[in-house]
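On the provided structure of chain A, position chain B as indicated by the hints.
2 protein chains.
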Amino acid sequence: MNFKNRLVILLVGAALFSCNQKPTNNAEVQQSLVFPKGELIKNNNFTGNAYLSMMVYADSINKNSVGNVTFEPGARTNWHSHPNGQIILAIDGKGYYQEKGSPKKILLKGDLVKCPANIPHWHGASEDKEFIQVAITSRVDGPTKWLEVVTDEEYLE
Amino acid sequence: MNFKNRLVILLVGAALFSCNQKPTNNAEVQQSLVFPKGELIKNNNFTGNAYLSMMVYADSINKNSVGNVTFEPGARTNWHSHPNGQIILAIDGKGYYQEKGSPKKILLKGDLVKCPANIPHWHGASEDKEFIQVAITSRVDGPTKWLEVVTDEEYLE
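One line per chain: the protein sequences are A and B, in this order.
If you count the first sequence from 1, you need to add 102 to reach the working numbering.
If you count the second sequence from 1, you need to add 102 to reach the working numbering.
Pulled out of the complex, with its shape left as it was, chain A reads as follows (with noise of 0.2 Å):
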């Protein structure tokens, strides 16, 4: 082979390799992150696995509190409900948000619920798609209330 090939295969094949550097899954996961993924969550108030960033405390002022909680597939919260309701927004990827006595609504990115007060319901992701969710909890009436798990026929429903 002379020079010039090898030149060209050279050039040809630099060209497509170049072509093919896209990110890793992960790494894709990792860019579209908004805010930071936290700590795992160890209390009994969730089945599977989710991870919690805490963003603002309550404080006597200003009674909310807004945390970020990433639900891996088929993570949920148990039932609880909250005396000022909550805020859930959706932030990425495919979750579940289910009050008690009514279908659940699959939440997507954008999305948005506002829990009444008092009403049980119970949020998490998907079987097969983690999601990624704001909750801005209002204190001023007092802390959540939390229930019981949400069953797997539950939440499969």
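The hints are simulated quantities; they were obtained by calculation from the structure and are not laboratory data.
Treat the hints loosely; a few may be bogus.
Said to hold, decoys possible - Below 27 Å or equal to it, Euclidean Cα-Cα: the simulated BS3-like pairs (lysine-lysine) are: (1) B/K165 - A/K216; (2) A/K247 - B/K216; (3) A/K139 - B/K231; (4) B/K139 - A/K216; (5) B/K139 - A/K196; (6) B/K247 - A/K216; (7) B/K139 - B/K231; (8) A/K211 - B/K216; (9) B/K211 - A/K139; (10) B/K216 - B/K231; (11) A/K165 - B/K207; (12) A/K207 - B/K165; (13) A/K211 - B/K139.
Claimed, not checked - Stretch by stretch, here's where chain A covers chain B in the computed footprint (C-beta under 8 Å, at least three residues): (14) 135-141; (15) 163-176; (16) 209-217; (17) 232-240.
Quick caveat, the model's predicted, so the values are computed rather than measured.
Ideal Cβ positions, reconstructed from N, Cα and C, are used throughout, including at glycine.
Relative to chain A, chain B alone:
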């Protein structure tokens, strides 16, 4: 030029051209949007063009309003304060936040600010990059108090 040389030029050209099929700037921004851009704000509490997508209105039980604001480069709020403070989540772009008497801070994707109650402050985009933020405003003790315009001197300081 012989056939082989033409083929080589064609191949290298095609390979390089295929690398340049990047989305336009607009498409990139559109893709990264988490919440809708909303409508141009037409009141006198802003300098430059800012867009608001109201996500949640305060009610008598959950007294938070939540809105997504997109500031064009150079756009900003007037000075203002909130009786219960405000929480700002930086979603994308590059913004500024300043409290009266303190230097302005740069806000980038994922940053957050908890504005103290009754402290005059302003926020907006940087000179050359838009800024997208979610503002969470507690209305427990009343509405926002709007103050004077942020002058170019104050903005550029």
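Comparing the hints with the structure gives:
As the CA atoms of B/K165 and A/K216 are separated by approximately 12 Å, the hinted pair is consistent with the 27 Å bound. Under the criterion of a C-alpha separation no larger than 27 Å, the hint pairing A/K247 with B/K216 is consistent with the structure, at around 26 Å. With a C-alpha separation of about 26 Å, the suggested pairing of A/K139 with B/K231 holds against the 27 Å cut-off. Of the supplied pair hints, the one linking B/K139 and A/K216 holds, its CA atoms being roughly 20 Å apart against a limit of 27 Å.
In summary, the hint linking B/K139 to A/K196 is supported, as the alpha carbons are separated by about 21 Å, within the 27 Å threshold. Restraint check: the Cα-Cα separation between B/K247 and A/K216 comes to about 26 Å, which is no more than 27 Å; the hinted pair holds. Among the hinted pairs, B/K139 with B/K231 is consistent with the structure: their alpha-carbon atoms are about 15 Å apart, no more than 27 Å. At roughly 24 Å between alpha-carbon atoms, A/K211 and B/K216 fall within 27 Å of each other, so this suggested pair holds.
A threshold of 27 Å between alpha carbons decides the hint, and for B/K211 with A/K139 the separation of about 14 Å falls inside it, so the pair holds. For the proposed pair B/K216 and B/K231, the alpha carbon gap of about 23 Å is at most 27 Å, so the pair holds. For the hint pairing A/K165 with B/K207, the CA-to-CA distance comes to about 24 Å; that is within 27 Å, so the pair holds. Annotation: proposed proximity of A/K207 to B/K165 holds, straight-line Cα distance about 24 Å (limit 27 Å).
Straight-line distance between C-alpha atoms of A/K211 and B/K139 comes to about 14 Å, which keeps the hinted pair within the 27 Å bound. Coverage of the stretch 135-141 of chain B by chain A holds. Counting CB-CB distances below 8 Å, 4 residues qualify, and the rule asks for three or more. Closer than 8 Å: that is the beta-carbon criterion, and the stretch 163-176 of chain B has 5 residues meeting it against chain A, so the requirement of 3 holds. Only when three residues or more bring their CB closer than 8 Å to a CB of chain A does the claim for the stretch 209-217 of chain B stand; here the count is 4, and the claim holds.
Remark: the stretch 232-240 of chain B is confirmed as covered by chain A, as 3 of its residues place a Cβ nearer than 8 Å to a Cβ of that chain, reaching the required three.
The structure shown violates none of the earlier numbered hints.
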